[in-house]
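Engineer: Letter by letter, the chains look like this.
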Amino acid sequence: MTLAPRAFLTGLAVLAAALALYPIVGTGYGVRAMLQLFMWIALAGSWNLISGLTGYVSFGHVAFFGAGAYAGAILIAKAGWPWLPAALAGGAAACVLALVIGYPCLRLKGPYFAIAMLGLNEVLRALTSYFEGLTGGGSGLSLPTLHATVPIYYAMALAAAGVTLLTYLIITSRFGLRLMTIREDEVAAEAMGIDTARHKLYAFLLSAAGPGVVGALAARDQGYIEPISVFPLATTITMIVMALFGGKGTVWGPVLGAIVLFVSQEIVWARFPYVHQLLFGAIIAAVVLLMPRGVLGLLQTKYRLPRTL
Amino acid sequence: MTLKALGALIAATGVLVASLPAGAQGPIRIGASLSLTGTYAKLGNYMHEGYKLCAKELNARGGLLGRKVEFVVYDDQSMPATGVRLYEKLITEDKVEAVMGPYSSPITEAVVNVTEKYKKVAVSPLAATTSIFKRPPDKKRYYIFMIISPAEVYLEGLIDMAAKRGLKTVAILNEDTLFAKAAANGAAEIARKKGLQVVFQEGYPKGNQDFSAILTKIRAANPDVVAGSTYFDDAVAITRQMKELNLNPKMYGLTVGGDLPEFYTLLKQNAEYIYGATQWEKALPYPGNKEFNEAYTKEFGREPVYHSAAGYAGCQVYVEAVKRAGTLDADKVRDVLLKLEMKTAFGDYRVDQDGFQIAHKMVMTQWQDGKKVIVWPDELATGKPRYPMPAWNQR
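Just so you know, the sequences run in chain order A and B.
According to this note's numbering, the first sequence is numbered sequentially starting from 237.
According to this note's numbering, the second sequence is numbered sequentially starting from 87.
No lab work stands behind these hints, which were simulated from the structure alone.
Among these hints, one or two may not hold up.
Derived pair list, reagent style BS3-like, types lysine-lysine, alpha-carbon separation capped at 27 Å [said to hold, decoys possible]:
| # | chain 1 | residue 1 | chain 2 | residue 2 |
| --- | --- | --- | --- | --- |
| 1 | A | Lys314 | B | Lys226 |
| 2 | B | Lys254 | B | Lys225 |
| 3 | A | Lys314 | B | Lys225 |
| 4 | B | Lys470 | B | Lys376 |
| 5 | B | Lys409 | B | Lys154 |
| 6 | B | Lys409 | B | Lys181 |
| 7 | B | Lys254 | B | Lys376 |
| 8 | A | Lys314 | B | Lys220 |
| 9 | B | Lys329 | B | Lys457 |
| 10 | B | Lys425 | A | Lys314 |
| 11 | B | Lys384 | B | Lys429 |
| 12 | B | Lys181 | B | Lys138 |
| 13 | A | Lys314 | B | Lys203 |
| 14 | B | Lys354 | B | Lys220 |
| 15 | B | Lys142 | B | Lys368 |
Note that the structure is predicted; figures quoted are calculated from it, not measured.
Build the full structure now, drawing on both the sequences and the hints.
Structural biologist: See below:
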């Protein structure tokens, strides 16, 4: 181990302080870009909670993001809620959805769960288009103008930190060990007396809360949402790639993946729009082939870093 | 180790984020995000070429306020969230002195919150949805200006021609998105006003490919007129499936897609008799239109479509307003834009107090022997409509 825990914690505190002060010196774009980076950290981290730890790959995680976005936006636009409680309600809505969906679907094995989640996303998109009175249908929902980028920046940062802390707490707990046992061998886990259905459901609920909250925050920040922009398959794929790139099943892997991919997209790829998609595909292929455990997984093996990193 | 790497990354981001501002007397940089990839890529690229040609011609004539003009364009991947971030970047990082609108209504609806926040005039050449401009007083927007006719009147020509022929019933189908739905609702309202009965109206999700269920229902309603509020891929698919199902109305018209050259290339004789609504045609006798066509074809090796012309004209309208105001100051340019009356290669420009377009005219075309003929309105028509549409197997 190359870093003492104390140095690590000090580093984290300094980083947190720097990020807390950033809006004072940052430009409007800087704050907004960081805000979206936090969003991706929370999304990739949440996906990691269910798919990285239990091995149940969710191909529809953007459904929770979209559900949170719509729940939050409807409460803001139709019921006049302030955005902060609306964001928490977005998280709650996503959890309720996860409960309803997870209970039957987590009993599905292998690719069937992934496909069920994919279907869920399409169903939700169709439903939001259908219930026009509430959601505005395909015309979308336009929120009252509000310039709250800085407070939303802090809320988004807390969401990202919360998801990462939650991951750490889970990975270092018996609960986390049980989840990873399910991932390695579900039958063996069952034989050892782990209530696998219940554990998977808990992990699933925890993995839905983060996307719900950041969905509502993103909706408030953007001021306009429509079904196709909050339920795109591309968002699920991006969070999967971020978590895989950084290292699935680790605490800091999704964070690392989100930072590297988001920053490189902003700085390099924005200037080469046509190369961008090609590069993204190439990265997926390279990660899967060359380092299936991601950057952090590779470092953990090579330098014998702790599993809890 | 990892933490160090992380720190280095964040530091690197900081350095790159604090990029260089523009020199004071360099070129005037105009920022825009456009859909160069993603679902709107085809049309976004046409629009981009319109911007480019406008800047090129302007610079050849000495530029604007004695300075050259340069577009700074990023790709928003057809996603509103990306567009929002990019306008924030253009204004606060790149410090562009002016901006122009993005492609499509949904993206404009999202990014206009940013341009309003920084008090930037945003002439938005391809935002056609009324609700972006017409807002309650407490949500009013001040710096956004419309160039094209609103979505609601896209199919006015088709309905008007049908009413004049004494047709009675119309069926409307639309992609369920902001613009397409507004166009469908507008068509339904015009139809009712003109005494036609709307016997069917239904939306389908974006990206839909199988229209057999919806077309079977339309066939059961047996309308005189079928009107589709479409983009492009759906317009082609609907036409093919109408033929397969032998759905044979007397008139059949489309909003976007039916007027593009690719529509005929893909459908050949099946595109005949189909009406397309368009904001602009190359045959229209607008001042400078012929020259625009020639210059565009020479520059980009393909013919312009209305999205190109709207981008080109939107840029010209903004430039004219800056010239008259003598400054890039947003409030002064806004005052000029509110009063400006202008004729471009794209047609007339005049807006009301909400920046909402009131002078520009839509036209209706019909495919006749592989050529697009303008058949509506009468004063701009280059030919007579062929009526009625024959059975699909008799062409």
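Engineer: Next, verify each hint and record whether it holds.
Structural biologist: Each hint, compared with the structure:
| no. | hint | verdict |
| --- | --- | --- |
| 1 | Lys314(A) to Lys226(B) | holds (19 Å) |
| 2 | Lys254(B) to Lys225(B) | violated (40 Å) |
| 3 | Lys314(A) to Lys225(B) | holds (15 Å) |
| 4 | Lys470(B) to Lys376(B) | holds (22 Å) |
| 5 | Lys409(B) to Lys154(B) | holds (13 Å) |
| 6 | Lys409(B) to Lys181(B) | holds (21 Å) |
| 7 | Lys254(B) to Lys376(B) | violated (39 Å) |
| 8 | Lys314(A) to Lys220(B) | holds (19 Å) |
| 9 | Lys329(B) to Lys457(B) | holds (21 Å) |
| 10 | Lys425(B) to Lys314(A) | violated (36 Å) |
| 11 | Lys384(B) to Lys429(B) | holds (23 Å) |
| 12 | Lys181(B) to Lys138(B) | holds (20 Å) |
| 13 | Lys314(A) to Lys203(B) | holds (23 Å) |
| 14 | Lys354(B) to Lys220(B) | violated (40 Å) |
| 15 | Lys142(B) to Lys368(B) | holds (20 Å) |
The structure fails hints 2, 7, 10 and 14 (numbered hints given earlier, in ascending order).
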